[in-house]
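J.: In order, the protein sequence lines correspond to chains A and B.
Following our numbering from start to finish, the first sequence increments by one per residue and tops out at 364.
Following our numbering from start to finish, the second sequence increments by one per residue and tops out at 197.
Rather than coming from a laboratory, the hints here were simulated on the basis of the structure.
Note that CB positions come from ideal geometry on N, CA and C, so glycine has one too.
No incorrect hints appear here.
Here are the simulated lysine-lysine pairs, DSBU-like style, with alpha carbons at most 35 angstroms apart:
{"no.": "1", "chain 1": "B", "residue 1": "K163", "chain 2": "A", "residue 2": "K12"}
{"no.": "2", "chain 1": "A", "residue 1": "K12", "chain 2": "B", "residue 2": "K125"}
{"no.": "3", "chain 1": "A", "residue 1": "K48", "chain 2": "A", "residue 2": "K186"}
{"no.": "4", "chain 1": "B", "residue 1": "K24", "chain 2": "A", "residue 2": "K48"}
Estimated spans, in silico, between C-beta atoms of each pair:
{"no.": "5", "chain 1": "B", "residue 1": "S159", "chain 2": "A", "residue 2": "E166", "range": "57 to 63 angstroms"}
{"no.": "6", "chain 1": "B", "residue 1": "Q105", "chain 2": "A", "residue 2": "M237", "range": "28 to 34 angstroms"}
{"no.": "7", "chain 1": "A", "residue 1": "A344", "chain 2": "B", "residue 2": "E70", "range": "38 to 44 angstroms"}
{"no.": "8", "chain 1": "B", "residue 1": "E70", "chain 2": "A", "residue 2": "E24", "range": "26 to 32 angstroms"}
{"no.": "9", "chain 1": "B", "residue 1": "T67", "chain 2": "A", "residue 2": "T227", "range": "53 to 59 angstroms"}
{"no.": "10", "chain 1": "A", "residue 1": "N129", "chain 2": "B", "residue 2": "E70", "range": "52 to 58 angstroms"}
{"no.": "11", "chain 1": "A", "residue 1": "T356", "chain 2": "B", "residue 2": "I28", "range": "55 to 61 angstroms"}
{"no.": "12", "chain 1": "B", "residue 1": "L103", "chain 2": "A", "residue 2": "K70", "range": "28 to 34 angstroms"}
{"no.": "13", "chain 1": "B", "residue 1": "T67", "chain 2": "A", "residue 2": "M237", "range": "50 to 56 angstroms"}
{"no.": "14", "chain 1": "B", "residue 1": "I28", "chain 2": "A", "residue 2": "R328", "range": "45 to 51 angstroms"}
{"no.": "15", "chain 1": "A", "residue 1": "K140", "chain 2": "B", "residue 2": "S159", "range": "47 to 53 angstroms"}
{"no.": "16", "chain 1": "A", "residue 1": "K68", "chain 2": "B", "residue 2": "L103", "range": "22 to 28 angstroms"}
{"no.": "17", "chain 1": "B", "residue 1": "A68", "chain 2": "A", "residue 2": "E24", "range": "36 to 42 angstroms"}
{"no.": "18", "chain 1": "A", "residue 1": "E35", "chain 2": "B", "residue 2": "T67", "range": "49 to 55 angstroms"}
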Amino acid sequence: MTQENFWVLISKKLSGEASFHEREELQQIIQQHPEWQLAIQNLEDIWKQQQSTDIMQSEDAYLLHLHKMKEMNLFSDNYSTEVPAIGSNRNLKKWNWAAAAIIIAAGIFGFIRITGSKDEKEILASHVNEVSTRPGSKSKIQLPDGSTVWLNADSKLDYNKNFNGELREVHLTGEAFFDVVKMNDKPFIIHTSTINIKVLGTAFNVKAYPDDKQTETSLIRGSIEVTIKNRPNDKIMLSPSEKLIVENNLLKEKINGTINAVTKEPVPPLVSINKLKYSAVDSTVAEMQWINNKLIFREETFADLVVKMERWYDVTIEINDPKLKQARLNGIFESETIIQALEALQISIPFRYEQTGNKIIIHQ
Amino acid sequence: MEKNDHIKRLLSGIALNNDQASYKELFILLHSRLKQFAYSILKSNEEAEDLVSEVFIKIWERRDQLTAIESPLLYFYTTTKNFALNRLKKQKRLQSQPVDEWLVQLNSVYFEPEQLMMTEEIVRKIREAVNNLPPRCRLIFKLIKEDGLKYREVAELLSLSVKTVEAQMAIALRRLGKCMHLEIKSISSVSLIIKNS
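Whole structure, please, built from the sequences with the hints as guidance.
T.: Encoded structure:
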């Protein structure tokens, strides 16, 4: 392996020219040199940077061009068939692309911090916009600054009516994907019960369910700053492809600690940073797939999956067997009904279930 | 790839239905990069603008033949290049225009440091490195990175071998890597291990 060959391989990989074998070879080399990883990640980031094309300029040029065509009698107005384009699909893609970051956070709704006199507070309080979704449904919201928020099932987003003032602040319970318009002088801040996230301009996903054990913040691209509520002096800068996990309840954690010791599972630290795993097939991350109507789970315990399924399908699920709760599962649900989903799961782990109305009980 | 497929769809809309909406979409999709490509040869904004218009007039005039184009992206770049060189010949501005004299402007390296996890210092170094690339190397890098051409297409457009394109890309990436202190001096015999296993 020569030096030149390494650079040939990496440039081929970036430009999508590398064969399967070449990608494997490169992967092997990189794995042997973890110290290169940051630089290689940076190269990939630079590669993905799009040039900002000035569409306005192209549209102006098109008008001039059209004028020329008409003068040459090449274009008549009779042809005109304004097709509404392949719009929606393309826009979604563009949006995904712009979606620079994902943040997943879990916790309960924090208090609204309003400064000013009491009277002012009351006035402001009546100016709070609240958007919420029921289990099993999702919603897309356009904020006054042009930012877009997708709200996942059983979630709530609050923001002040004068949101576009000095600061852009929202409060979240549940999970949401944010596509934030960049404004240098106006940071965008998301409050959850456990953490605050400061963003300069990028896109991200926040998961903040009250009954989850952890607050998760996953960043795909861009940069964000996270502060944990009870440790206001610690600022955590997250790099792309990193996931910050914060245990929601230290007390609960201690009780779990003894159980963990018995099952010999390592006790998770209060705060940890993990690498996001990209799917080899389409280089997406599981953390943002809910937007595409996919429920993805990788190496998840049945107990954790059931919580997600409850929100996804708007049902109540109970597992009556401790062993089943610990079983690890992988998969994707897309258009399956709850029954089809359960049947699919029965293939990987044998269990029985009973359904009465909206309640499902699972046992051996 | 995907880009070519998208252009193919638009072209068949134009060819089969005289679809002006597709025509407009195609123009807006390609205008900026073709103009920049034309500019690198003509070195005049006005002429580059005019040339792109000329290319698209030809597209409309020959719309019944559009579905036969195998690599549409390559077709557009080749047409732009030929038109531009013809123009130069007519104006007798230059007898020949070697690639080394083309003016290539890279756009995508002008990002803000905070968009990526990089220091200002590294970003400055990257710009410097890119601007100091030899012209031909910079052109190849731009066509592949910013314009989305395949190695094979660039090789055909510039009458080079694919191996040359590969080597030029490796040079560009190595220089970028250097900015991030990524210098590969020697590589352990990993590849040998893979082959033996």
